[in-house]
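The chain contents come next:
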Amino acid sequence: MTPTRDQKFWMYEKMVISRYLEESIEKIYLEGKKPIFNMANGPIPGEMHLSNGQEPCAVGVCAHLKPSDVVTSTHRPHHVAVAKGVDLKKMVAEIFGKRTGLSGGRGGHMHIFDPSVNFACSGIIGQGMGPAVGAALSRKMQGKDGVAVAYIGEGAVNQGAFHEALNLAAVWKLPFITIIEDNAWGISVAKAQSTAVPDNSVRAQAYGMPGYQVRNNDTYEIFRVAGEAIERARNGGGPSLIEIETSRLAGHFMGDAEGYRPKGELQALRARDPIPAMRARLMAEEGLSEADDAMLVASYRAIVDEAVAFARNSEDPAGEEALQHVFA
Amino acid sequence: MTPTRDQKFWMYEKMVISRYLEESIEKIYLEGKKPIFNMANGPIPGEMHLSNGQEPCAVGVCAHLKPSDVVTSTHRPHHVAVAKGVDLKKMVAEIFGKRTGLSGGRGGHMHIFDPSVNFACSGIIGQGMGPAVGAALSRKMQGKDGVAVAYIGEGAVNQGAFHEALNLAAVWKLPFITIIEDNAWGISVAKAQSTAVPDNSVRAQAYGMPGYQVRNNDTYEIFRVAGEAIERARNGGGPSLIEIETSRLAGHFMGDAEGYRPKGELQALRARDPIPAMRARLMAEEGLSEADDAMLVASYRAIVDEAVAFARNSEDPAGEEALQHVFA
Amino acid sequence: MTAQAAAPANERRLTIARAMAESIAQEMRTDPSVFVMGEDIGQLGGVFGNTRGLIEEFGSERIRDTPISETAFMGAAVGAASDGMRLVVELMFVDFFGVCFDAIYNSMAKNVYFSGGNVKVPVVLMTSTGGGYSDGGQHSQCLYGTFAHLPGMKVVVPSNAYDAKGLMTSSIRDDSPVIYMFHKGLQGMGWLGTEPGATVHVPEEAYAIPFGKAAVVRKGTDVTIVSVGMGVHQGLKAAEKLAAEGVQAEVIDLRTLVPLDRDTVFDSVAKTGRLIVIDEDYKSYGLSGEIIATIAERDISVLKASPQRVAYPDIPIPFARSMEQYALPNADKIVSAFRNMKRTRTWRWL
Amino acid sequence: MTAQAAAPANERRLTIARAMAESIAQEMRTDPSVFVMGEDIGQLGGVFGNTRGLIEEFGSERIRDTPISETAFMGAAVGAASDGMRLVVELMFVDFFGVCFDAIYNSMAKNVYFSGGNVKVPVVLMTSTGGGYSDGGQHSQCLYGTFAHLPGMKVVVPSNAYDAKGLMTSSIRDDSPVIYMFHKGLQGMGWLGTEPGATVHVPEEAYAIPFGKAAVVRKGTDVTIVSVGMGVHQGLKAAEKLAAEGVQAEVIDLRTLVPLDRDTVFDSVAKTGRLIVIDEDYKSYGLSGEIIATIAERDISVLKASPQRVAYPDIPIPFARSMEQYALPNADKIVSAFRNMKRTRTWRWL
Ligand SMILES: Cc1ncc(C[n+]2csc(CCOP(=O)(O)OP(=O)(O)O)c2C)c(N)n1
Ligand SMILES: Cc1ncc(C[n+]2csc(CCOP(=O)(O)OP(=O)(O)O)c2C)c(N)n1
Ligand SMILES: [Mg+2]
Ligand SMILES: [Mg+2]
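Protein chains in written order, with numbering that gives the first Met the number 0: chain A, 0 to 327; chain B, 0 to 327; chain C, 0 to 349; chain D, 0 to 349.
Bound-form chain A, shown alone (with noise of 0.2 Å):
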C-alpha cells in the first residue's frame, strides 16, 4: 500500500503543522521562564514533552482513521493529535489552560480530550492501552465500524498495562492496534537498558498477532505497514502491533539538559529528519517546487499562528471554576 498524491499531501501538512506546533509552543513555553527557568511561569506552565521527530508515526497511521475511529495517546501526544484532527485552536488554548481550551483548562498538554475525533490521552505511562481495547470493544458490540489504536513508548512497554491490554485485545480479537513509538529513550534510560529484546514487535508473538517492525522512521513504511493492519482490524482479523523506530529530537521535556544523551547522537538524528525527507520525496514524487513548498508551509504556519492567538487572545478561566465538572 503506497499513499496517494492527495495522501502524501495531507501527512506532508499534518507533519509540519505538528511540528511548527511545537516549535511555537518551545518559544512561548520560555517565555517568562527565563532568566530562571521556573515551570510553574510563563503563559504555558507545566511539564512539556514535544514530538518534534515523531511525526512519521502520527500522520502514517491516522491517514487510514476516520474522524470516528478511536486514539489514544501518551503524555507526548501533540503529533498525533494533530494528525488525528484534533480542533487546534481548542487544543492550544488547552495547553495555555484557557477558559476556550477542549476542557477549559482543566487538563493541560497531557489530558487533551476531544471526544469529537475519539482522541484522548493520559500521563501515565501505558493507561492509554485499557481505555483502547475498550473502545474496539465498544465497537465490536455495537457492530460500528471502526477501529482502535492506542500509542505507546517504547518504555512504557515494560508496563504490565501493554500486557494485559494486548492480550485481552487478542482473546476478544477486537479491531484494536497498539502503536509503539520507539524514539530509544525512556527518559534518561535507553531502550537496551529497560528492555529484554532489541525489538518489540516480537513481543507480538505472545499475543499470537501480527508483530511488525519500521525500521529509519520512514512515514512511507509506517503508513504501509499501518494501513494493512488497519484494514485488517475492520475486516474482523483481530489486533496487531507495530513498532517505529522513531527520533526523539527534543529533550525528554522542555528543560531536560539531556546530559545522558551520547555525544553526536542528536546531530546525526537531526540529519535524518523526516520533515525534510518528506518535503524530498514530494519534489521527487510529486513534483512540489520550491515556491509551492513555500507557500503551503506558510498556509500551515498561518493555520498554527492562528491558534496560538486565539489562545493567547482567550480568557483564563476563573478560580472557581475549578469546582465544576467534577461529575458528569
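Since the hints were made in silico from the structure, they are not lab data. A few of these clues could be false.
Covered stretches of chain A, as calculated for chain B (at least 3 residues, CB under 8 Å) [stated by the list, open to error]:
#1 160-166
#2 195-202
Just some of the chain D residues that point at chain B, by a computed CB distance under 7 Å [as the list claims (entries may be wrong)]:
#3 Ser-68
#4 Gly-74
#5 Gly-115
#6 Gly-116
#7 Val-118
Idealized CB from N, CA, C, for every residue including glycine.
Start from chain A and add chains B, C and D with the ligands according to the hints.
Relative to chain A, chains B, C and D with the ligands alone:
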C-alpha cells in the same frame, strides 16, 4: 538429567505427604461446616485452595533447590511449601490459625512465610513474581549462590506483574525461574478463554529467555527441564520460563461446585493422577514392592498426622495478639 | 424512614446478591448499551452471586468473563463507557484494587474532569468488601476511606437488599463513575455467613434511590450512631441493647459516602448531642475521622460529649478467628463506646 | 524546638534534595546492604535531584535505574529487603502509585505482619508529592491520607532539609517499610520554584530523627496550626500575618503521619483551644479529618471554637494556573479560617 534413586524417593515422599496433607485438611475443613457450609466455621475457617494433582510441579522443581534458594508461591501453596521444606508442624498450625503457627495465626493458608527455608507467598495473583525477582537480585548483588523461583498459575500469567517481572529478570540477567502451573482453569474461566496463545512458553520469547513446555504433568520431565534451567541460572546464564501442564483435581477452593467443568474432565484427570504414576515408576525402575510402599506411605502419613495433631493441640492466639508485629 | 419498613412482611424478600442481579437485568433489558465484565461473572454467576442468572438471559457477549487482567479491563471499561456503552464491571475483592488502581484513580475517576465534562464515564465498579470469616489480610478489607478520599467517583455502600437494588439502578443510570461496595457478610450467601437483616422486601419493578441521602434507620434522642453496610446492622443491635437500658439511639445509614449527606448526620447529632461512628475500615485517616470532623467543624457546641469511634484498628487483618473477631467492630463495642462517652470529661453531660 | 533553629546562620545550608542524597550516601558508606532503585535515579540523579551524585560514588549496581515497571521493582524491593538488603526505592511521582499499589499495599506493608514478625522489610519508598506549578491532575497530588490510612507502613513527610536528612536516616535504618513523601515545591530545585524556608542548616555528620515526634516550629497561645510538608510553611506565613494582628499562633509540623504524634497536637490545642489543619491533600476522608477527630474524641471540651480545615477541595487537580491556585491552601486562607472560627457559633469565645 534424570533423577537418581534418592531423588525419586524424595519426590515420591513429598508428593505423598502433600497429597495426604490436602486430604487431611479437606476433612478437617468440613468439620463444623455441616449441614450448613459456612466458611467462617470449623477448625479451619476461610478460603481453602487445595493443590491435589499439582504435586509434580512442586517436587520436580524443588528437588534441585537448597534451603537457601528462594521460592514464592501462589494462593495454592501447600504442595510447594512441602517440597521446599517448610516446617510442616508450624505450617499446619498456621493453617489452623494457632499461636504456634508460622506467623502465630496472622497469615493463614494464603500467607505461608518460612524465612528459614526462604519460602513466601501472596494471595494476590501474580504478586509473587516481583519479590522473587528481588530475591534473585539480592543474591546476585551479594555475590551469594542461589536462585529464586516464582510459581504462578496459567490464569495469572495474564496479569501485568508477570510481564514486568520477566522483563526485569531478563534485563538484569538474574538467577530467576518462573514456573507456570497450567491447570487449565482460573477459577471458572478456561485457559483458552483468557489466554491469547495456546502455550505460555512462547511468551518467553518476549523476554529473550528460554521457554519450556512440559506436557502431561510428567514429574521426570519437570525434573529434567527444571534441572537444566536452575543449573543455567546458578551459572549466571539468566532466567527461564517453564510452563507445566498439570491438573487441578479439586475445586478452585473448597465449596466450589465446579458446574463449569465439562462432563468427564475430572474423571479423566483422576485417571492420570501423578501419584499412582510415580509409584508405578518406582516399582518398575527401583524395585519398590507393594509392602515397602505401604510402609513408606504409612511413615509419610505419620508425619502429616503428627503435624495435624500438633496444630489441633496448639492454643488459639489471644485476641489482642492481633496488635503485635504490625511493624518489625 | 426506610422504604422497606413500609413493605408487607414476607413478600419477595431478596438477598442483596439477588437484588443487585435484578437491577442489572432490568437495566440491561431497557438499555442495550449496558453490559457486565469481570472475573467469573458469567457461568459462575459471580463469586458472590450478584450476576447469577444473567448469562442465561443475556449471553456471554454482554455478561463477559475476563482474563485476570484488572488493569486492562478497568481501563477497557473507561474506554467503552466513553464510547457510548454503560458498564458494570466487577473487581472480585476490593483488596485487589492495587493491581489496577491507576485505571480507577487516574482515568475512570478523572476523565470527566480532564475533558471538562465532554466525556462521560458511566461505569459501575462493583466490588466486595469486608471480613469476619477468616479470609486473611488480602481478602477481608473494606477500604471505604481509600475510595471515598479519591475525587471523581461516587461511593455507594448498601446495607440491605432494598437499598442495594435502588442504589444499583441509580449507579447504572449515572453518567459518572460509581464504586458500589457490597459487604460479603450481607450478600445472603450462606457460605459466607449472612446478616439476616440485610435480606428484606424488594419491589419487583425498577426503582432508583438517590445518592447523597442518608437513611435514619432507627429514630432516637440520646445518641447518634452512624455507619454503612455491616456497621448499620451492628448499630441496630447496639441500639436494641441500649434501649433495654432506656437509652434511645438514632441509627443512620449513610448509604453513599460520596456524595455524603452531612446534613442528616449533623441534624441528628444536633438533637442527640452524642456521636458514635462505626467503621469496619481502618480507623485512622478514614471514614470515622471524617464524620467526626464534619460535626466538629460545623458546630462544636452541639456535642455534649466527645464523639467515639468503633473502627478497625490500624493493623492488617489477621487470619485467626480469635484475632480477627477481637479486631472487628460489634454491638458490644458500640455499647462500651457509649458508656465510655459518659466517662469522658464533658461540660454538659446531663 | 526545632533543631535547625539552633544552628549558626549560613553554615552548610542544604536543599532537601541534597539532604536526602547526603543521608543515603552516608548510610550506603557504612552499610553495604543499602542500595537504591528507581526510574532515572542513576545518571540523571533523579528527576527531583535527590539521588544526584550517588552513581558517581556507588556505581550503577547500587544506584540502579529500572525499566518503567513499578509493579516489578516495588515487588523486587520487597523480595530483596526480605533477603538481607536495605532498599531505597523511588516512585517518581506519588500519583503513579496506582500502577503498583498492590505490591505496596498488600506485600510491602503487610509481609512483616503476615510472617508474624519473622520477615523484615527494610524498604524506604521515597516519592514526590504536591503541585502548584501546573503539572495537572496526574502529577500534582499529595495522597497523604491514602498512604497514612494503609496499615503497616510508616509515613514520613519532611518540611525542611534538616528534618529531611534525619528522617531519611531513620527511614533507612528502620526494619519496617517507610514511605517518605517529599514535596516538589520544597526540594530546592529552582525549576519547580522553591520555598526558601525549606533550605536550612544541615550538619555534616549522620543523625537520625525519631519517628512520631511532631515539631512545634512556632510557639503560640491563641490557635494551633497543624500541617506537614508545604503546609508547615504556609502555616508559618499565616502565623506572621496573625502576629501582626496580635494573635499568637502555634505551628506544629507533624513530620510523620504514621506514627502520629497525637499528644503534641492535643497538648497544644488544650492550651490554645483552637485548631486549624492545613492539608494539600484532598479534604474529605483524609488527614484533616483525622487531626480534628483526634482532638474531638480525646476531649471535646478543650475546643473553644469549631476547628477549621484548609485543605484541597474534593476535585481532581486542574491544570490552569488560575484554577489550581484557587484550590490550593495558602496563608491567606489560613488567616480567613481563623477569622471564620471567630464567627462560628461557640460557647466560650474569649
Ligand atoms: C506509571 C508511570 N511511571 C513513570 C512515569 C514517568 N514518565 C513519564 S514519561 C516517561 C518515559 C516514557 O518513555 P517512553 O514510553 O519511551 O515514551 P517517550 O517519553 O520516549 O515518548 C516516564 C518514566 C509515568 N508517567 N507513569
Ligand atoms: C489480582 C487478583 N485478581 C483476582 C484474584 C482472585 N483469584 C484468586 S485465584 C484466581 C484464579 C487463578 O487462576 P490461576 O492463576 O490459573 O491459578 P489456579 O487457581 O488455577 O492455581 C483468581 C481470579 C486474585 N487473588 N488476585
Ligand atoms: Mg521512548
Ligand atoms: Mg489455573
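Going through the hints against the structure:
1. 160-166: holds (count 6)
2. 195-202: Holds: 4 residues of the region 195-202 of chain A have a Cβ under 8 Å from chain B.
3. Ser-68: Since chain B brings a Cβ to about 4 Å from Ser-68 of chain D, closer than 7 Å, the hint holds.
4. Gly-74: Cβ of Gly-74 of chain D sits 2 Å from chain B, so the hint holds.
5. Gly-115: 3 Å, holds
6. Gly-116: It holds, given that the least Cβ distance between Gly-116 of chain D and chain B is near 4 Å, below 7 Å.
7. Val-118: Holds - the Cβ of Val-118 of chain D comes within 7 Å of chain B, reaching about 5 Å at its closest.
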